[in-house]
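Student: The two chains are supplied separately, each in an independent frame; assemble them into the complex guided by the hints.
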Amino acid sequence: MELVIDRLSKHYKNKIAVDRVSLTLKEGVYGLLGANGSGKTTLMRMICGVLKPTSGEVKFNGIDVSEEKFRDLLGYLPQDFGYYPEFTAYDFLLYLSSLKGLTRQRAKDRTSELLKLVGLSDVAKKKIKSFSGGMKQRLGIAQALLNNPKILVLDEPTAGLDPNERVRFRNLISRLGKDRIVLLSTHIVSDVEYIASTILLMKNGQIIHKGPLEEIIRPIEGKVFECLVDCNTAEYLIANYPIINVREEKDKTFLRLVAEKAPCKEAKAVTAVLEDLYLYYFNKEANKSEQLYGIN
Amino acid sequence: MKYKLKKELKTVFDAPAPARKEEFINLLEYPKANRLDFFISQIGYIRKRVWILSLLLFIGTLIGLYFSGASYSFVWVVSSVLPFVSLVTISEIARSITYNMDELEMSCKYNLLEVSLIRIGILGVVNLAVFIGILLLLSGKTDLGFIRLGIYLSTPYLLNCYGSLFVINRSKSRDTVYICGSVTALVSILNSLISIRIYDIYLERNRMFWAIAFIMFAVLSLKEIVKFIKRMEDLKWNSSLTA
Chain A
1 MELVIDRLSK
11 HYKNKIAVDR
21 VSLTLKEGVY
31 GLLGANGSGK
41 TTLMRMICGV
51 LKPTSGEVKF
61 NGIDVSEEKF
71 RDLLGYLPQD
81 FGYYPEFTAY
91 DFLLYLSSLK
101 GLTRQRAKDR
111 TSELLKLVGL
121 SDVAKKKIKS
131 FSGGMKQRLG
141 IAQALLNNPK
151 ILVLDEPTAG
161 LDPNERVRFR
171 NLISRLGKDR
181 IVLLSTHIVS
191 DVEYIASTIL
201 LMKNGQIIHK
211 GPLEEIIRPI
221 EGKVFECLVD
231 CNTAEYLIAN
241 YPIINVREEK
251 DKTFLRLVAE
261 KAPCKEAKAV
271 TAVLEDLYLY
281 YFNKEANKSE
291 QLYGIN
Chain B
1001 MKYKLKKELK
1011 TVFDAPAPAR
1021 KEEFINLLEY
1031 PKANRLDFFI
1041 SQIGYIRKRV
1051 WILSLLLFIG
1061 TLIGLYFSGA
1071 SYSFVWVVSS
1081 VLPFVSLVTI
1091 SEIARSITYN
1101 MDELEMSCKY
1111 NLLEVSLIRI
1121 GILGVVNLAV
1131 FIGILLLLSG
1141 KTDLGFIRLG
1151 IYLSTPYLLN
1161 CYGSLFVINR
1171 SKSRDTVYIC
1181 GSVTALVSIL
1191 NSLISIRIYD
1201 IYLERNRMFW
1211 AIAFIMFAVL
1221 SLKEIVKFIK
1231 RMEDLKWNSS
1241 LTA
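Line order of the protein sequences matches chains A and B. Counting from 1, position 8 in the first sequence corresponds to residue 8 in my numbering; the numbering is continuous, with no gaps. Remember, my numbering sits 1000 above the position in the second sequence when you count from 1.
Quick caveat, the hints were computed from the structure, so don't treat them as lab data. All figures in this text were calculated on a predicted structure; none of them were measured in a lab.
Per label pair, the in silico range of CB-to-CB distance:
1. B:Leu1128 with A:Gly56: 40 to 46 Å
2. A:Lys210 with B:Asn1100: 30 to 36 Å
3. B:Leu1128 with A:Glu67: 31 to 37 Å
4. B:Leu1028 with A:Lys127: 32 to 38 Å
Pairs of lysine-lysine, DSSO-like flavour, derived with a Cα cap of 30 Å:
5. B:Lys1032 with A:Lys69
6. B:Lys1172 with A:Lys136
7. A:Lys52 with B:Lys1227
8. B:Lys1021 with A:Lys178
9. B:Lys1048 with A:Lys108
10. A:Lys125 with B:Lys1021
11. A:Lys127 with B:Lys1048
12. B:Lys1032 with A:Lys108
13. B:Lys1032 with A:Lys52
14. B:Lys1048 with A:Lys125
15. B:Lys1032 with A:Lys126
16. B:Lys1227 with A:Lys15
17. B:Lys1227 with A:Lys69
18. A:Lys52 with B:Lys1172
19. B:Lys1223 with A:Lys52
20. B:Lys1172 with A:Lys127
21. B:Lys1032 with A:Lys26
22. B:Lys1048 with A:Lys129
23. B:Lys1032 with A:Lys150
24. B:Lys1172 with A:Lys15
25. B:Lys1230 with A:Lys52
26. B:Lys1021 with A:Lys150
27. A:Lys13 with B:Lys1223
28. A:Lys210 with A:Lys52
29. A:Lys59 with B:Lys1230
30. A:Lys13 with B:Lys1172
31. B:Lys1021 with A:Lys116
32. A:Lys69 with B:Lys1021
33. B:Lys1048 with A:Lys136
34. B:Lys1172 with A:Lys203
35. B:Lys1032 with A:Lys125
36. B:Lys1172 with A:Lys129
37. B:Lys1021 with A:Lys136
Here a beta-carbon is modelled for each residue, glycine too, at the ideal position from N, C-alpha and C.
Chain B on its own, in the form it takes in the complex (with noise of 0.2 Å):
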């Protein structure tokens, strides 16, 4: 009885415009999102190009490893392709900056500093785990260790993350990436040039050579890495816009 009187009186009189409905929405407290959901959405809008670089590298190690075996060749391959993965990974750190989205992301809530914090996070445990895997897989088919093997890798990449680190940090240009594209395919020439013409360089006898040069680019990295991190606190000065 009541619904058809409801019913009938819908029937029967028009319903008034909402008043103030606007206002009242305003005062409405929305839940919002906490830290946790906020990390977790930030993965998903790590470009597919990581992941598939990533698993490549992996994939092709494995091939390689079943074809042709782990020798001094085969680690100057891989120590010469892994620079290309550091790129990727500091071309998506520096990707507000190179499609200037930088200024709207340092006003948000969770601002830019917070953003390349989480990827520089989330990025770094992607290069480490695929590091780690690929030196399981080879540190066993070697007679160089786990710890040599991992400074004859790394060292190559952590030279290219300085590099595209000095770059990033000093250039001005929104098409820094390609410039940082040019430096690893520098690192990444002059480590197989290096392995090639230097057939010794694996040798036992050049390890303080290796371990000299894998600490000064492993701290020339991180001093980058934090100026990097200083540079998102604050936005550059543009001259054509306040001049």
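Looking at chain A on its own, in the form it has when it is part of the complex (with noise of 0.2 Å):
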């Protein structure tokens, strides 16, 4: 089982959206981590065929990503999706199984299973406009996984869970990648951090960094500190090192920050998490929001 995207691109006018990424995906969960426009989505999409790439190619097991057969074993996720207003999620369920080309009787006995499995079978004859955002999403991952997929592709698939409900999907997430290929994309580093088998930063439209927690956190091994500092210090070092976390204590203020040695003889060396890692590397980002929103 080998997901192949080879030189994958798209480019539109003035932007490049994703830039040459080539992968190899085999059975494990994947965690697709990048700032707000580093290329997340649209990677996604192409991997699952709704958008053409300007070049490159998507193939499983060689079944390039535009024949019938590849969606026969996706899938999706999508990160914003809609439903037709008489549908109840009961329907919407069959709908989708029609589509995914399940027969009748396969479709009605799966849309009970998968309702059982993401806690909906009480509201299995409601409308879906009378959900939550949360029950939304459970019923999307539902649908995801009812042709019993070999590529599971799930855009934010935690957006708008409770911490109940993010504990269980990812017990689920665990439990299915084990025969297959689950590529997720989420903000919520901590859902990356426990159940992908191997992290994908992205940024700017380009894979950085690919790997296993423990490898993919190594460049910032011992560089993340701890220190509680007064005000003129964390001035200072808010202004020259790259800063992960600040909390304001009475009359003192904490900082967790990257630096290649302590910046301070307050500074202690502590274990770096994939949430240090990220922020790290989306700190430009972060500074341009704060400039943007006027938070100092």
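Tutor: Pasting the structure below:
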């Protein structure tokens, strides 16, 4: 089982959304991390065949992304999806089952199974328009699993889920990743940290890092520091180092930052986590946003 | 005896929990629906309003013919109502985009393009059946002839097809269907006004005007349908997601 992405690019008039991405994915859970606009959604859409690439190709066991056979093996949860207003959860899954080529009986069985799996059995006959964001998201996850896909692509699957639902979802994805390729993108770093066997870090349309958690955080290992400092030192550190976390405490400021060596005498080296790496790489974007929203 | 033994064994020993049940189930190949099953299933997903409006129009024509006979004014009434049939049809074809289901449908085995083609096919046949039914009812009662009457009735319909598809193919808004509704109302009112104000519009000396209008709107509608089908093959870039 092998999903090969070969020099995949998507160009728009004045923007390169995805820039020559090449990957080979095998069974397992792949977490795609990146800031807004890094090209995650565009990459996922091209992998699912809903967006034509400018160049490059996507193949699963030799089957091209444009073929019906490929779509038959695919489960996809888009970042943003709608539903026909007259549909109940049950109707929605039955409708998509028909598009996924399931027989009527199999569609009914699978729909009931999946509604139970995502905890929507009690509201199966209720209109989707009465659902909360989390319920809609769970329904979206259920539809992606209808055809028991070999490739599962989930764009922001945990958006709108409460902490309990997220834990349930993580467990489900971990199980699914045993015998299929699962590619998920999220802004919630901890989701990727817990379930992804391989992490893909995307920036400006390119995969800048790829590997398991231990490998991917190696560049900042021993470089993450925490310190409790006075106001002036805090200002100096904020201006000169990539800051991961700032917390005001009585008359002092707590900082978590990345530096080659201890930036002040109060600084203590701490174990690096994925969030440190993420914030370190996307620090520029974060600073830009802060300036945009007037946060100092 | 064997049955009793089995029953006894069941009471004595607990059955072990199934091991790797899910993996085993995953290995099974379930029978898949074929294209014909898919086609039939799609008929059920066409909204009732399409069937109801088509039926109402047909029954309305029958009632109208019974009470008022097939006059020129009856022809313009029917030709002014027909654009609403095309509106319902077009809104049905475009509803994947209207309700943001397009991306999901594009990723399915039978994708959005196939769904759209099937919808166009089914609804096209329904519209044609209604149209021919009305034409047959009217043509025997007027001296206009089958082809002339067909052109008078279908030209406003085609104009509306073109106008609505033009809007759908160019609009990025999800509320396109409301704009199409306005186009339909405009076409219907325009048709009524022309028919009332220009009393000789249906006379034979204007046949060239009708023939040109019919051909022009038919060609333009066809071009817009081709454009619409091409649009179903690839998702439009949503700048809000990737900018």
